Amino acid sequence: VCQIGRYFFFFQAEDGIRDFCLSRGLGDVYKRQVSTQSTWGYFMITNFNFLLKKSCRRYFSHGKRYQFAKDIPSHTPRTKMNLFQAINNALDIALQTDDSAVLFGEDVKFGGVFRCSLGLYEKYGIQRVFNTPLSEQGIAAFGIGIASVGATAIAEIQFADYIYPAFDQLVNEAAKYRYRSGNQFSVGGLTVRAPYGAVGHGGHYHSQSPEAFFSHAPGLKVVIPRDCIQAKGLLLASIRDKNPVIFLEPKALYRNAEDEVPTEDYELALHKAEVVQEGKDITLIGYGTQIRVLKEAAKEAEQDGIKCEIIDLQTIYPYDIETLVESVKKTGRCIVSHEAPVTMGVGAEISAALQEKCFLYLEAPITRVCGYDTPFPLAHELVYLPDKWKVYDAIQKTVNY
Amino acid sequence: IYTSKLNFDSVSEKIPTFRVIELKGKVIAKKYDNTDTATLNKIYEKMVQLEEMDMILLQAQRQGRISFYMTALGEQACTVAVAAALNDIDLIYPQYREHGCLIWRGFTIDEFAHQCASNSRDPAKGRQMPVHYTSSKLNFVCVSSPLTTQVPQASGAGYTFKLQELDRIAVAFFGEGASSEGDFHSGMNFAATLGCQTLFLCRNNKYAISTPSDEQFKGDGVASKSQGYGMLTIRCDGNDAIAVYQAVKNAREYIVKNKKPAFIEFMTYRQGDHSTSDHSILYREEEELKSWAQNNPITRLGLYLKKKKYREIDEESDKELRKKYRQETIKALKSAIEEKKPGIHELFNDVYDRQTDNLEEQTKQLREHLDKYQGKYNLKNFEQL
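Chains A and B, in that order, give the protein sequences.
Numbers 71 to 471, taken from the numbering used here, label the letters of the first sequence in order.
Numbers 3 to 387, taken from the numbering used here, label the letters of the second sequence in order.
Take the hints with a grain of salt, since some may be wrong.
Calculated pairs, DSS-like style, for lysine-lysine (alpha carbon to alpha carbon, straight line, at most 25 Å) [what the hints assert, rightly or not]:
| hint | chain 1 | residue 1 | chain 2 | residue 2 |
| --- | --- | --- | --- | --- |
| 1 | A | Lys-350 | A | Lys-179 |
| 2 | A | Lys-193 | B | Lys-261 |
| 3 | A | Lys-377 | A | Lys-312 |
| 4 | A | Lys-467 | A | Lys-427 |
| 5 | A | Lys-377 | A | Lys-350 |
| 6 | B | Lys-342 | A | Lys-427 |
| 7 | B | Lys-292 | B | Lys-311 |
| 8 | A | Lys-140 | A | Lys-179 |
| 9 | A | Lys-427 | B | Lys-16 |
| 10 | A | Lys-377 | A | Lys-400 |
| 11 | B | Lys-261 | A | Lys-179 |
| 12 | A | Lys-399 | A | Lys-377 |
| 13 | B | Lys-343 | A | Lys-342 |
| 14 | A | Lys-427 | A | Lys-377 |
| 15 | A | Lys-179 | B | Lys-262 |
| 16 | B | Lys-16 | B | Lys-44 |
| 17 | B | Lys-139 | B | Lys-342 |
| 18 | B | Lys-321 | B | Lys-32 |
| 19 | B | Lys-44 | B | Lys-309 |
| 20 | B | Lys-366 | A | Lys-399 |
| 21 | B | Lys-311 | B | Lys-33 |
| 22 | A | Lys-312 | B | Lys-139 |
| 23 | B | Lys-139 | B | Lys-325 |
No lab work stands behind these hints, which were simulated from the structure alone.
Since we're looking at a predicted model, the values are computed, not measured.
Use the sequences and the hints to build the structure in full.
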């Protein structure tokens, strides 16, 4: 970007600059030329009442970008953090590097029911870290409003089980904001975070995995980390991504997952599935807490001489089909596994896409090892979950097909 | 404060309606009779433009030339005079009947026509039904069919304006029917508790499609609800352009000065059908329509201007003006309909800021399919890449 008088010239422009100027009523894209090689244009600033405050920094600054956690150099300074501390750290960095960023939801001011926002109100003040009244539809819509004028909104839903009142706002509004306005308005600055998944005693309303509902709304993105380093990097990437993102956090791991997490400002790639473990006999696909289950099942299968390849989707929607295809073409066998009910879940989509692309490479049908088509039970959680024995059994059946 | 009386009571006094001029243009609120005459004349002219444009585009739908339309007949003051009182930079979150604000701010008749014709000149690339206008340049957020969703969004925007210390407010429009939705409750409550620079404007036009307002709520309209949120509340005669202007001007000042939201309920009447898919005579009486026709916002302002000798448009020039707008609209629509539709590739753009792999693949699939089955699809009206 270079400024000559009232005109800002840019080349290879990021939409972010355009969004920023339009949302602040700073002017109009005076001329825009699109070719296959580049996009260029210039803005005429028509309203000088608005200063280009440091909040424009969010469009130019970002953390160190890595594809996967394993790409972060070992000499990078790290500190032991559990999952909620890693998320807290990510939120802290987001608020620090982007002064338009605000964090809000029910009970976030005192630190949040899972401690994810601990200390942030004290550090950034009531205007930027605050409680909202008890209304999920309000929380989502408020966040959409903030993002629609170019600021960063990090909205927290206390449990993913309570996200449904916000469904209309997220699917009918957030997802379609850019498309329906021909890119004149957008809500890229919106990130909605929610704890999801089984926790041992959650029952119907503290255990749900609603990722499939939102993965059917073009315009949204859905991201789920499996561990601490991923959580921090993917959350920062999601917050800074120029599209509305639903970020689901595995609540069972808030305290139970711990790792040496890099303290710097870094982001991990969205839309990239990671091969967590290599193997030649069968591909196991999952995300979030379920990756641990797959690892344990793979350990059992290893004793039978079966080498499993485990892939973490990371971004559920839109997902990285290429990495999955490459793996299934190699192994010829595949299992997809998640806590959410099997019918119409993410596993159904992945199975359909993989058999379309890898049919002749498959030695056995693709199996889904998932929750049953029941509400999430309390007393029966033990047998409801797609645990390591169910996955192990599916591995056996698939390999011996 | 405690009481030993057990009285079941709802509020007994109705909130009065603010009005500056009567039906025949006579001033009854001298204190507020200070709007500059140039503005009032422009409001008059733009209300006329709105009415004439509406009549032509409505006919165009009846003739099958556009697929759908919604008029703002009878409610012109609720939008044109509002926009006149706002700053151009104030961000409007509309429902779907506020194209009067766009007219005030300079949206051209061509731009209206392009959107209604869903052609390639529509900046929104023909993605939505007619009347789903948007203009970031004119600070008018995209219209969306789901009701009331814009209300809490305006709260979020107004909150951001407060944080950024801007002399700018967010304005949410909605009808009295839409105020029954949960989003209204959330939006108002958030704005009040968090202190948002947001103005809430309810067009109480007595009907939500066929549902009259006495089937929508049992309390004192929507204004009584606003009081329940602890918000500054005004009820205003929506067909009195001067009252609308004054109310909005004062509310805006209050909002920016106090960094608190405000609410205005405009009492008005939906003269036309809900939309071209509606046939309102099925559920309302001729007498009611005739009675409200006596309370026409354009006529009232015109009579005021005539009485005060402020008017720049007399009966003759009014006729000419209307004829001019009708002709301009007809011409704009004709050429808009003749334009090409947006290119097929626009189906896949703008879902995200950048194209994703799944969409790239689907673009390719569609292109291959259309190449292979060329004769089966009539694509000559679409812009070719």
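Would you pick out the hints that fail for this structure and give their numbers low to high?
-> Failing hints, ascending: 1, 3, 6, 7, 8, 9, 13, 16, 18 and 23.
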